[in-house]
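*Asks:* Residue-level listing of the chains:
Number of protein chains: 2
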Amino acid sequence: MTTITIIGSGNMATAIGTRAAKHGHTVELMSRNTEKAQALADQIGSRATVGTFGAKPAGDIVLLAVLYAGAVDVVEHYGEALAGKILVDITNPFNADASGVVTTPGNSVAQQIAVAAPEGAHVVKAFNTIFGGVIAEDKPVDVFFAGDSAEAKARVAAFLESLDMRALDAGALEMAHALEWAGILLVGLANNGAGFDIALGAAVL
Amino acid sequence: MTTITIIGSGNMATAIGTRAAKHGHTVELMSRNTEKAQALADQIGSRATVGTFGAKPAGDIVLLAVLYAGAVDVVEHYGEALAGKILVDITNPFNADASGVVTTPGNSVAQQIAVAAPEGAHVVKAFNTIFGGVIAEDKPVDVFFAGDSAEAKARVAAFLESLDMRALDAGALEMAHALEWAGILLVGLANNGAGFDIALGAAVL
Numbered sequence: 001m002t003t004i005t006i007i008g009s010g011n012m013a014t015a016i017g018t019r020a021a022k023h024g025h026t027v028e029l030m031s032r033n034t035e036k037a038q039a040l041a042d043q044i045g046s047r048a049t050v051g052t053f054g055a056k057p058a059g060d061i062v063l064l065a066v067l068y069a070g071a072v073d074v075v076e077h078y079g080e081a082l083a084g085k086i087l088v089d090i091t092n093p094f095n096a097d098a099s100g101v102v103t104t105p106g107n108s109v110a111q112q113i114a115v116a117a118p119e120g121a122h123v124v125k126a127f128n129t130i131f132g133g134v135i136a137e138d139k140p141v142d143v144f145f146a147g148d149s150a151e152a153k154a155r156v157a158a159f160l161e162s163l164d165m166r167a168l169d170a171g172a173l174e175m176a177h178a179l180e181w182a183g184i185l186l187v188g189l190a191n192n193g194a195g196f197d198i199a200l201g202a203a204v205l
Numbered sequence: 001m002t003t004i005t006i007i008g009s010g011n012m013a014t015a016i017g018t019r020a021a022k023h024g025h026t027v028e029l030m031s032r033n034t035e036k037a038q039a040l041a042d043q044i045g046s047r048a049t050v051g052t053f054g055a056k057p058a059g060d061i062v063l064l065a066v067l068y069a070g071a072v073d074v075v076e077h078y079g080e081a082l083a084g085k086i087l088v089d090i091t092n093p094f095n096a097d098a099s100g101v102v103t104t105p106g107n108s109v110a111q112q113i114a115v116a117a118p119e120g121a122h123v124v125k126a127f128n129t130i131f132g133g134v135i136a137e138d139k140p141v142d143v144f145f146a147g148d149s150a151e152a153k154a155r156v157a158a159f160l161e162s163l164d165m166r167a168l169d170a171g172a173l174e175m176a177h178a179l180e181w182a183g184i185l186l187v188g189l190a191n192n193g194a195g196f197d198i199a200l201g202a203a204v205l
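Residue numbers (our numbering), protein chains in the order written: chain A, 1 to 205; chain B, 1 to 205.
So here's chain A without its partners, still in its complex pose:
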């Protein structure tokens, strides 16, 4: 059981925070909107706390549960406060009709965050191929992740497994772009008959 920090107070922050608390983790919430963060902390219960937006997070694992367009700004705003942290990018940089992504190969949001992050921080892409509603259901699901630091990836994988998720390593951080496209695929499947109660995964045969 660890302390994890979630920056954000929207649907994904709610879903991941609730599931993490349910599995015994201490959750710290940080948001520009402190009232919203406090309301979410109250909703999550389990000793969830609210930190000051921009201050040093309590958790070693920091989930950036903000919209993709604001993720780099948030990391720059925190600056050195994120030194040594594991930054988990969960964003989906979809275009307007979710037919594609607004990023390009080599320039995924996760890679942009890695450039903006302070020294000693490590970025891991995860959680973007699973709907918030499915996370909230607390059922076993697969979660893909990618990153350049083996140690950071091992920490994130352990966290995922503790949430009753199967953590599947997709490779180096450059694979974050493939995961961004996997987010598009997930929405495409959901919109074309599979519905939104699905999660991408890898059947191991």
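It is worth saying that the hints were derived from the structure and are not from the lab.
Even for Gly, the Cβ is constructed at its ideal location relative to N, Cα and C.
Hints are not guaranteed to be accurate.
[Said to hold, decoys possible] One-sided excerpt, in silico: chain B residues whose CB lies under 8 Å from chain A:
1) Ala96
2) Pro105
3) Asn107
4) Phe144
5) Asp169
6) Glu174
7) Leu179
8) Ile184
9) Gly188
10) Asn191
11) Ile198
12) Ala199
13) Gly201
14) Ala203
Go by the hints and put chain B onto chain A.
*Replies:* Chain B alone, transformed into the frame defined by chain A:
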């Protein structure tokens, strides 16, 4: 049970042809290398036949089981012989180290094939998120597909289901690019711990 035509005589042609024959379909093989096609037909058995490369295929569903770089050339070579056919693009346009694809959004191989194909032909992307070895094992697996013709997609979905595969519609043909990246994701997972006996899928919860 239908007749399907496979253009190609490599690993994917072997895997899909063998599985199709096992499930009662009549398989026609076409290859520039007629000897190789004949050897594969003999191996598949089940009344598999060899057609003339470039001639009108016997099947309504024509699988382009060739390397991505040659797919458009093959379609142009066939020309009007493919009129009215359902062309199934199974290619993976990987770059040299499988860290990305050589195509760009809106210009997936499937979309390039659609431009090159004669009038009345319909392109469906499928089979590129599953390893040949897994297809050959004949176990139930998920197969994603995408295309612009509802009728062609329904025909391909029925074919997939007849092979004991669950056919999952990802949307319009523009989604083929997301599927190309899903191919990269599949290989990334395989190379980073999951092994090659896997298939991408969507858990329906």
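*Asks:* Taking 8 Å as the limit, does the beta-carbon of Pro105 of chain B come near enough to a beta-carbon in chain A?
*Replies:* Holds. Min distance 5 Å.
*Asks:* Does Ala203 of chain B meet its interface restraint, that is, does its C-beta lie within less than 8 Å of any C-beta in chain A?
*Replies:* For Ala203 of chain B, the interface hint holds, since the closest Cβ of chain A sits about 5 Å away, which is under 8 Å.
*Asks:* Using Cβ atoms only, decide whether Gly201 of chain B comes closer than 8 Å to chain A, and label the hint accordingly.
*Replies:* holds (5 Å)
*Asks:* Can Phe144 of chain B be said to touch chain A, with a Cβ gap under 8 Å?
*Replies:* holds (7 Å)
*Asks:* Could you check if Ala96 of chain B really has its C-beta closer than 8 Å to a C-beta on chain A?
*Replies:* violated (14 Å)
*Asks:* Hey, does the Ile184 of chain B contact hint survive, CB to chain A under 8 Å?
*Replies:* holds (5 Å)
*Asks:* Under the criterion of a CB-CB separation shorter than 8 Å, is Ile198 of chain B in contact with chain A as hinted?
*Replies:* holds (5 Å)
*Asks:* Asn191 of chain B was flagged as interface toward chain A. Is the shortest Cβ-Cβ separation under 8 Å?
*Replies:* holds (7 Å)
*Asks:* Could you check if Leu179 of chain B really has its C-beta closer than 8 Å to a C-beta on chain A?
*Replies:* holds (7 Å)
*Asks:* Holds or violated: Glu174 of chain B as interface residue toward chain A, Cβ cutoff 8 Å?
*Replies:* With Cβ-Cβ at 6 Å, under 8 Å, it holds.
*Asks:* Under 8 Å is the threshold here; is the Cβ of Ala199 of chain B close enough to any Cβ of chain A for the hint to stand?
*Replies:* Holds: closest Cβ of chain A sits about 5 Å from Ala199 of chain B, inside 8 Å.
*Asks:* Does Asn107 of chain B meet its interface restraint, that is, does its C-beta lie within less than 8 Å of any C-beta in chain A?
*Replies:* Interface hint status for Asn107 of chain B: violated (12 Å vs cutoff 8 Å).
When the structure is compared with the earlier hints, violations turn up for hints 1 and 3 and for no others.
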